[in-house]
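Peer 1: This is what each chain is made of:
2 protein chains.
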Amino acid sequence: MADKMNGLKRTHYCNDVRMDCVGQTVVVAGFVQKRRDLGNLAFLDLRDRTGIVQLAFDDASDRTVFDKATTCRAEFVLMAKGTVRERESKNPDLPTGDIEIFVDDLRVLSEAEVPPFEITDNTNVNEELRLKYRYLDLRRGEMQQSLFMRHKITKAARDYYDENGFIEIETPILIKSSPEGARDYLVPSRVHPGKFFALPQSPQQYKQLTMLAGFDRYMQIARCFRDEDLRADRQPEFTQIDLEMSFVDVDDVIEVNEGFVQYVFKKILDVDVQLPLRRIRYEEAMNRFGSDKPDTRFGLELTDLSDLLRNTEFKVFAGALETGSVRAINVKGGADKLSRKEIDKLVEFVKTYKAKGLAYTRWTADKATSSFEKFLSEEEVTALRARMNAEPGDVILVVADPSNAVVFDSLGALRCHLADKLGLIEDNSYDLLWVTDFPLFEYDEEEGRYAAKHHPFTAVADEDADKLLSDPVHCHAKAYDLILNGCELGGGSIRINDPEMQSKMFKALGFTEEQAQEQFGFLINAFKYGAPPHGGMAYGLDRLVMLMLGKPSIRDVIAFPKVQNASELMTQCPAEVDPKQLEELFIETVEKK
Amino acid sequence: MADKMNGLKRTHYCNDVRMDCVGQTVVVAGFVQKRRDLGNLAFLDLRDRTGIVQLAFDDASDRTVFDKATTCRAEFVLMAKGTVRERESKNPDLPTGDIEIFVDDLRVLSEAEVPPFEITDNTNVNEELRLKYRYLDLRRGEMQQSLFMRHKITKAARDYYDENGFIEIETPILIKSSPEGARDYLVPSRVHPGKFFALPQSPQQYKQLTMLAGFDRYMQIARCFRDEDLRADRQPEFTQIDLEMSFVDVDDVIEVNEGFVQYVFKKILDVDVQLPLRRIRYEEAMNRFGSDKPDTRFGLELTDLSDLLRNTEFKVFAGALETGSVRAINVKGGADKLSRKEIDKLVEFVKTYKAKGLAYTRWTADKATSSFEKFLSEEEVTALRARMNAEPGDVILVVADPSNAVVFDSLGALRCHLADKLGLIEDNSYDLLWVTDFPLFEYDEEEGRYAAKHHPFTAVADEDADKLLSDPVHCHAKAYDLILNGCELGGGSIRINDPEMQSKMFKALGFTEEQAQEQFGFLINAFKYGAPPHGGMAYGLDRLVMLMLGKPSIRDVIAFPKVQNASELMTQCPAEVDPKQLEELFIETVEKK
Numbered sequence: 005m006a007d008k009m010n011g012l013k014r015t016h017y018c019n020d021v022r023m024d025c026v027g028q029t030v031v032v033a034g035f036v037q038k039r040r041d042l043g044n045l046a047f048l049d050l051r052d053r054t055g056i057v058q059l060a061f062d063d064a065s066d067r068t069v070f071d072k073a074t075t076c077r078a079e080f081v082l083m084a085k086g087t088v089r090e091r092e093s094k095n096p097d098l099p100t101g102d103i104e105i106f107v108d109d110l111r112v113l114s115e116a117e118v119p120p121f122e123i124t125d126n127t128n129v130n131e132e133l134r135l136k137y138r139y140l141d142l143r144r145g146e147m148q149q150s151l152f153m154r155h156k157i158t159k160a161a162r163d164y165y166d167e168n169g170f171i172e173i174e175t176p177i178l179i180k181s182s183p184e185g186a187r188d189y190l191v192p193s194r195v196h197p198g199k200f201f202a203l204p205q206s207p208q209q210y211k212q213l214t215m216l217a218g219f220d221r222y223m224q225i226a227r228c229f230r231d232e233d234l235r236a237d238r239q240p241e242f243t244q245i246d247l248e249m250s251f252v253d254v255d256d257v258i259e260v261n262e263g264f265v266q267y268v269f270k271k272i273l274d275v276d277v278q279l280p281l282r283r284i285r286y287e288e289a290m291n292r293f294g295s296d297k298p299d300t301r302f303g304l305e306l307t308d309l310s311d312l313l314r315n316t317e318f319k320v321f322a323g324a325l326e327t328g329s330v331r332a333i334n335v336k337g338g339a340d341k342l343s344r345k346e347i348d349k350l351v352e353f354v355k356t357y358k359a360k361g362l363a364y365t366r367w368t369a370d371k372a373t374s375s376f377e378k379f380l381s382e383e384e385v386t387a388l389r390a391r392m393n394a395e396p397g398d399v400i401l402v403v404a405d406p407s408n409a410v411v412f413d414s415l416g417a418l419r420c421h422l423a424d425k426l427g428l429i430e431d432n433s434y435d436l437l438w439v440t441d442f443p444l445f446e447y448d449e450e451e452g453r454y455a456a457k458h459h460p461f462t463a464v465a466d467e468d469a470d471k472l473l474s475d476p477v478h479c480h481a482k483a484y485d486l487i488l489n490g491c492e493l494g495g496g497s498i499r500i501n502d503p504e505m506q507s508k509m510f511k512a513l514g515f516t517e518e519q520a521q522e523q524f525g526f527l528i529n530a531f532k533y534g535a536p537p538h539g540g541m542a543y544g545l546d547r548l549v550m551l552m553l554g555k556p557s558i559r560d561v562i563a564f565p566k567v568q569n570a571s572e573l574m575t576q577c578p579a580e581v582d583p584k585q586l587e588e589l590f591i592e593t594v595e596k597k
Numbered sequence: 005m006a007d008k009m010n011g012l013k014r015t016h017y018c019n020d021v022r023m024d025c026v027g028q029t030v031v032v033a034g035f036v037q038k039r040r041d042l043g044n045l046a047f048l049d050l051r052d053r054t055g056i057v058q059l060a061f062d063d064a065s066d067r068t069v070f071d072k073a074t075t076c077r078a079e080f081v082l083m084a085k086g087t088v089r090e091r092e093s094k095n096p097d098l099p100t101g102d103i104e105i106f107v108d109d110l111r112v113l114s115e116a117e118v119p120p121f122e123i124t125d126n127t128n129v130n131e132e133l134r135l136k137y138r139y140l141d142l143r144r145g146e147m148q149q150s151l152f153m154r155h156k157i158t159k160a161a162r163d164y165y166d167e168n169g170f171i172e173i174e175t176p177i178l179i180k181s182s183p184e185g186a187r188d189y190l191v192p193s194r195v196h197p198g199k200f201f202a203l204p205q206s207p208q209q210y211k212q213l214t215m216l217a218g219f220d221r222y223m224q225i226a227r228c229f230r231d232e233d234l235r236a237d238r239q240p241e242f243t244q245i246d247l248e249m250s251f252v253d254v255d256d257v258i259e260v261n262e263g264f265v266q267y268v269f270k271k272i273l274d275v276d277v278q279l280p281l282r283r284i285r286y287e288e289a290m291n292r293f294g295s296d297k298p299d300t301r302f303g304l305e306l307t308d309l310s311d312l313l314r315n316t317e318f319k320v321f322a323g324a325l326e327t328g329s330v331r332a333i334n335v336k337g338g339a340d341k342l343s344r345k346e347i348d349k350l351v352e353f354v355k356t357y358k359a360k361g362l363a364y365t366r367w368t369a370d371k372a373t374s375s376f377e378k379f380l381s382e383e384e385v386t387a388l389r390a391r392m393n394a395e396p397g398d399v400i401l402v403v404a405d406p407s408n409a410v411v412f413d414s415l416g417a418l419r420c421h422l423a424d425k426l427g428l429i430e431d432n433s434y435d436l437l438w439v440t441d442f443p444l445f446e447y448d449e450e451e452g453r454y455a456a457k458h459h460p461f462t463a464v465a466d467e468d469a470d471k472l473l474s475d476p477v478h479c480h481a482k483a484y485d486l487i488l489n490g491c492e493l494g495g496g497s498i499r500i501n502d503p504e505m506q507s508k509m510f511k512a513l514g515f516t517e518e519q520a521q522e523q524f525g526f527l528i529n530a531f532k533y534g535a536p537p538h539g540g541m542a543y544g545l546d547r548l549v550m551l552m553l554g555k556p557s558i559r560d561v562i563a564f565p566k567v568q569n570a571s572e573l574m575t576q577c578p579a580e581v582d583p584k585q586l587e588e589l590f591i592e593t594v595e596k597k
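Going down the list, the protein sequences come from chains A and B. Letter 232 of the first sequence, counting from 1, is numbered 236 in this note's numbering, and no numbers are missing. Letter 305 of the second sequence, counting from 1, is numbered 309 in this note's numbering, and no numbers are missing.
Okay, chain A solo, but in the shape it has when bound (with noise of 0.2 Å):
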């Protein structure tokens, strides 16, 4: 039976126990790191969420407290209360390494089993088997110091929006199906047979609907879902950061957000962010850098060719250009480093992206070997050469493709690819940068018609107004990006405020009035009342705390995440139910085929 606090109450937490304790009575409590038997000498480390302290115990001064503590292994839960005195040969790695605590009343708490793996940083363990004791994994100071970044980080966000005027309210969870909600959690409720709520994929109804009820600057850390196969670092559960401003245009939501920028990289990361943020419009981001949210932190831009290369022979290119492009990028000096073989690996990874190859000219100090030269005129090879600015050394990597989507996609993460490869990314920068002026419409090759690229309530920019019937394919989106080192960190948009204006984007995307009325018939309706003109922004928390730490993965900063095919290995869930609880929500499950 485990002993009890009986009243012995904690003085310190671990770290704090310094060389300004020597000779008082602390009491401390945590977890057993370790133990060492020196002979008549036993030593135990213990462990708390601050930090390490050194027990010591001396068979010779009290056998009882001297036995209990060699009885005690890793993880066990003690409380101890000692003297604080100077160690005699001190550990110059641990932060209380001068001292440590002669304890007189040492308590077992809680005995443990062996665990499954360490608690410890440098861990081998696979990921399976962390996620399963996840209780243990948080244990370790890598993780705990994770998560207490999250509670900064999500603080400091309280803190500046709060400070900036805004007010947090929350908004529902569950709420009403959304007609683009094929990605919906759907929640049946007894109460209502036949009858389904949605879980929110993002607040962005609400949010609008705070700005017609006049609260003029919301916030709100906002958890959203989305039932799909996750992609690579996706959760189905997911906080973003939410907000929205009335009276704004796109300045106003940028300035305010760049200052939260500013605010929270200071705190948390004691970086200095210059302000304001350079803006790219999104077409200049797709040409130079191939995405948009390019990693600007290196060069390695994308140059066109296409007209150079109008009047080619060359079949393959003279295809891609008939609705597509031809585009390259100059690895300077890369001949050195690049050999043919990997330049074949580079080959095999543009194809991931769909690309159906990747020509290149290496050009040595003796002599240039290329994969496409000798297909095309000596005129054309003399100009794209010139073009490319390439000279002896460089590498000319080149993807040609009927679809302009597939250059970009290719040639935008070979660069990337590269950059990481060649190590041309300096290590603890911030790449801060908006990109701006996004198309107002995409083209959804599943569905065949346009989409809205943000969402259909996305303003259209003042110039292109008039052309949102006559030329939708050109106009530009009041909407913005935030990126940080080629991660989207947020985004957002001016949202429409103007009934006839929300009328045309109807239009626009295809819908009737009637379908239109349907699914979105209570917003549209709320216009009707007065509706200040309005945008906002939201920002994914956990990529957000993901990037600012510099961690490979969100799973990493989120307490209980789920994995890939969106279950959770600690508690098995999802998982079947009692028939009964079906039964009494008036559903029954359908074998899968």
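Just so you know, not all the hints are guaranteed correct.
Identical copies go unnamed one by one, so any copy, or any two together, can satisfy a pair.
[As the list claims (entries may be wrong)] Capping the alpha-carbon separation at 30 Å, the derived lysine-lysine pairs in BS3-like fashion look like this:
hint: 1; residue 1: Lys8; residue 2: Lys511
hint: 2; residue 1: Lys378; residue 2: Lys358
hint: 3; residue 1: Lys136; residue 2: Lys94
hint: 4; residue 1: Lys156; residue 2: Lys271
hint: 5; residue 1: Lys72; residue 2: Lys508
hint: 6; residue 1: Lys38; residue 2: Lys532
hint: 7; residue 1: Lys199; residue 2: Lys597
hint: 8; residue 1: Lys270; residue 2: Lys13
By construction, these hints were calculated from the structure, which means they are not laboratory data.
For chain A, the structure is supplied; the task is to place chain B on it using the hints.
Peer 2: The following block gives chain B in isolation, referenced to the frame of chain A:
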């Protein structure tokens, strides 16, 4: 077509334009509260979240602006630029009543149809209409104020617990259905046919895991869910301030939470709460007030008459005493205020609490009229009157029932009813206290067995540990509730951290080892690897806000609440969904018979 802001920026919120702005050019934005036309003058009251300011227009000065102003109606959304000037006739009822803005640039940013009800605090509109148009209802100053206060209270909670070393950790919303999951909302997932997540009724198990994980002090403002027909003031989703601490006993949890109560009352209401708060043991609370959430702002305490009537020949009392009790309240000086007719109404009142009747003695200056004294012996009457300290002018109200629960329920409710009726409760008084030492078990009539009064992880009082299996009925729990004005603000307990004790607890609850393992397996296993002593508490945030603001319903402090039958009137959910969605989830609905 609406006007555009075109770069015009707000300089002031409405309520901030005061005498010190006279002569300045300001820009304000908001909703039209009302318009007054006075010949060649027109006035618009403009409302934003801070208050109201008067806009003035003069036909002679600028005809175009004047004409535009006179087209504005209530709830139009405007931006206005103008010069602040002192008013000729001031309005002392309005904080900005000394000034007005003489407008030279008026933008109608959004027109508005006539709203279904006027946006004003003194509204008689029925709640159903208000909820259907919640975005309009929320424009009312009263609702704005409530949600601002909710934000401030929530922020205060986060600040306080952060300053006291608590870390906010987000626990999952998609979890495993629990064995007490009769009221769990279930969530099917397209990735796992036939399996379900549940929405948490509270983060209980996860917060205990954060203690096993060594976080030491956890807090979260957590959304919780319960799928049931709603009682008067319940919501299917509600918000908890949830916390847990390691290496603590009852006093430690109480201390840190008293600190919070003091902090939040001072910060939000400028009310000084004296600490420590009073504590009443559960049994005393029941005996004196007939309730485990006693309102002690007034007397009308219960008196037990059972011992005096042990040998009575009055069958009603004698029958009650076999298994129950006879208890009474003395309404001092109540004979004047409670007529026979009114006492008859009280009889009906207690019947709604399952009492079979209410015996009374009404003792006026002239004589005592009694419904029951004639059935008692003279000695019994004398003893009873003496025990009740009865004298001319008093009314004695007696409930006798074979169920003590019925006696307590009915008299407990009756005393609150009487206090309200007789005006015994001081306005704006805050009566805060702890109820402690709850019974560990209560008899579950439905299931025909003892159930945990709090939950199966609640620790037994140290002095009762030995009789957990031999005499469970008389075991007390290390559980405590915080009461404000007769309402439960929150509650919690110290948890079991000893696997051996936990096994005993499951045994006492009638679980076999297999059942316990099946239902709580992962948690039971978790405790094997070292578990600090821990305990915690949870507050109902909605109710806390409601009580602090003196609102009659939690719907008044929730932005988008659901109604009694758990549906939301604004978006009309839950709703039927596309059969395709159900197909993808591998479920079918079943007709309710």
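Peer 1: Is it within, between, both, or neither for Lys156 and Lys271, if the alpha carbons may be no more than 30 Å apart?
Peer 2: both (9 Å within a copy, 23 Å between copies)
Peer 1: Give the relationship of Lys199 and Lys597 under a CA distance limit of 30 Å: within one copy only, between copies only, both, or neither.
Peer 2: both (25 Å within a copy, 15 Å between copies)
Peer 1: When no copy is specified for Lys8 and Lys511, does a C-alpha distance of 30 Å or less occur within a copy, between copies, both, or neither?
Peer 2: between (71 Å within a copy, 22 Å between copies)
Peer 1: At most 30 Å between C-alpha atoms: does Lys378 with Lys358 qualify within a copy, between copies, both, or neither?
Peer 2: within (25 Å within a copy, 98 Å between copies)
Peer 1: First find the shortest C-alpha distance between Lys136 and Lys94 inside one copy, then the shortest across copies, and answer within, between, both or neither for a cut-off of 30 Å.
Peer 2: This pair counts as neither: shortest intra-copy Cα distance 38 Å, inter-copy 70 Å.
Peer 1: At 30 Å max between alpha carbons, let me know whether Lys72 reaches Lys508 within a copy, between copies, both or neither.
Peer 2: between (78 Å within a copy, 26 Å between copies)
Peer 1: Can you tell me if Lys270 and Lys13 fall within 30 Å by alpha carbon in one copy, between copies, both or neither?
Peer 2: Cα proximity of Lys270 and Lys13: across copies only (29 Å, versus 37 Å in one copy).
Peer 1: Tell me, please, which holds for Lys38 and Lys532 at an alpha-carbon limit of 30 Å: within, between, both or neither?
Peer 2: between (68 Å within a copy, 18 Å between copies)
Figure legend: structure checked against the earlier numbered hints; the only hint not met is number 3.
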